[in-house]
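There are 2 protein chains.
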Amino acid sequence: MADIPTAAISRLVTYLRILEQLETQDVSRTSSNDLAERAQVSAFQVRKDLAYFGRFGTRGMGYTVPILKRELVRVLGLNRTWSVVIVGMGRLGQAIANYPGASDYRFQYVGLFDVNPQIVGQQIRDLRVQHTEQLRDFVSATPVDMGFLAVPPDRAQDAAQALVDAGVRGILNFAPVVIQPRTTERGGVSEPGEEWRNVTIENVDFLAGMKRLAFYILNPTLKAALTEDTE
Amino acid sequence: MADIPTAAISRLVTYLRILEQLETQDVSRTSSNDLAERAQVSAFQVRKDLAYFGRFGTRGMGYTVPILKRELVRVLGLNRTWSVVIVGMGRLGQAIANYPGASDYRFQYVGLFDVNPQIVGQQIRDLRVQHTEQLRDFVSATPVDMGFLAVPPDRAQDAAQALVDAGVRGILNFAPVVIQPRTTERGGVSEPGEEWRNVTIENVDFLAGMKRLAFYILNPTLKAALTEDTE
Numbered sequence: 001m002a003d004i005p006t007a008a009i010s011r012l013v014t015y016l017r018i019l020e021q022l023e024t025q026d027v028s029r030t031s032s033n034d035l036a037e038r039a040q041v042s043a044f045q046v047r048k049d050l051a052y053f054g055r056f057g058t059r060g061m062g063y064t065v066p067i068l069k070r071e072l073v074r075v076l077g078l079n080r081t082w083s084v085v086i087v088g089m090g091r092l093g094q095a096i097a098n099y100p101g102a103s104d105y106r107f108q109y110v111g112l113f114d115v116n117p118q119i120v121g122q123q124i125r126d127l128r129v130q131h132t133e134q135l136r137d138f139v140s141a142t143p144v145d146m147g148f149l150a151v152p153p154d155r156a157q158d159a160a161q162a163l164v165d166a167g168v169r170g171i172l173n174f175a176p177v178v179i180q181p182r183t184t185e186r187g188g189v190s191e192p193g194e195e196w197r198n199v200t201i202e203n204v205d206f207l208a209g210m211k212r213l214a215f216y217i218l219n220p221t222l223k224a225a226l227t228e229d230t231e
Numbered sequence: 001m002a003d004i005p006t007a008a009i010s011r012l013v014t015y016l017r018i019l020e021q022l023e024t025q026d027v028s029r030t031s032s033n034d035l036a037e038r039a040q041v042s043a044f045q046v047r048k049d050l051a052y053f054g055r056f057g058t059r060g061m062g063y064t065v066p067i068l069k070r071e072l073v074r075v076l077g078l079n080r081t082w083s084v085v086i087v088g089m090g091r092l093g094q095a096i097a098n099y100p101g102a103s104d105y106r107f108q109y110v111g112l113f114d115v116n117p118q119i120v121g122q123q124i125r126d127l128r129v130q131h132t133e134q135l136r137d138f139v140s141a142t143p144v145d146m147g148f149l150a151v152p153p154d155r156a157q158d159a160a161q162a163l164v165d166a167g168v169r170g171i172l173n174f175a176p177v178v179i180q181p182r183t184t185e186r187g188g189v190s191e192p193g194e195e196w197r198n199v200t201i202e203n204v205d206f207l208a209g210m211k212r213l214a215f216y217i218l219n220p221t222l223k224a225a226l227t228e229d230t231e
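Quick mapping for you: the protein sequence lines, in order, are chains A and B. Counting in UniProt numbering, the first sequence tops out at residue 231, every number present. Counting in UniProt numbering, the second sequence tops out at residue 231, every number present.
This is chain A alone, in the form it adopts within the complex (with noise of 0.2 Å):
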């Protein structure tokens, strides 16, 4: 698996998410054609992208609904539990707690940390909001395998060092800003530090959303021809 792109699994994941819905619908079967269209994609790429993980359907046949979710489910790693820490209790960190689904999934939110008093100790989903500084040993602790920043930009950075210095090998950032790890110098280079090495960053940006709009409204004819090469 070792050149997949990375718009491939988001793709995956959308896909997954139009297959929830149609179950939701009670409809059964789909096709590439089907997916392609509710993706905005074409059904050469939801063949290709289906086609890095195995052969999910029967030729001619489609899909059958239930069978590709569940699939996709386990290439994605959801059929497991994860243990997940949010940094950044204001209304988004609120927000993401109380986000609609996720319990679906096994994201099982077990540490809650903020550093305004006002939050602190305020007890959020069974929880009691925990000082950040508390962060590191809760994590030596209690194993962790995620933790959602949700702090203001400016403290982000420090957040997410914060969050690997512990060990948590995967962040989902909703700060804008692109974290960077610190670098260390080895030999006069400067590279990033043991600490960081296999950690996983995942940006999710309000901003982007808002942006990628934009160029749409003012283009809508991209977005049209997209929906349309669907062979």
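Derived by calculation from the structure, the hints in this document are not laboratory data.
Not everything, but these chain A residues come out facing chain B in the computed CB check (under 10 Å):
| id | residue |
| --- | --- |
| 1 | Gly77 |
| 2 | Gln94 |
| 3 | Val177 |
| 4 | Leu213 |
Even glycine gets a Cβ: it sits at the ideal position worked out from N, Cα and C.
Could you slot chain B onto chain A? The hints should help.
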């Protein structure tokens, strides 16, 4: 500009975010290699994405940060003001309204809507939250470029239809569902209603980020391989 992949637009947004951060760090020059490394794509990809829109650098000299930033702002249409309404002013809608940085981009909130009587009438960012029933009248009287949907999943479809009926042509959907245009029958064929012509929907999905992160935590070498693919 008929053949620009949607993924290229997403990457432009990422490059812009990186350029903004370089600017705050007083870095005045960058290169396709540098941008590529920070965006976790190949340098070839960076050059190809930028080439859709013009020639922004000097061969062998790289890019001037403020100039490339200004050009991407222009390409994305972020040098003009966008009037925005938010439908759904629970935790998520409030987090959006207060998201840092949106005001940098002349996204201007002109109306906030909810159905919850405890939220309607509240004052948020100098606006009084109105009942969603008033959306159509409001949009008739006030130019609105975009609607942000922050309603629960089971209300997203109706809220999107209300926005489109009211004449809004761009929707940023934060609910974890795929919005489907209301179809009408014409000559035995069901097709999207006329009101959906040139409507653009962009999805921002918290869960999508969580799912991608799960995949990359399980497959860390995939991400590493991409980072190294910088020629």
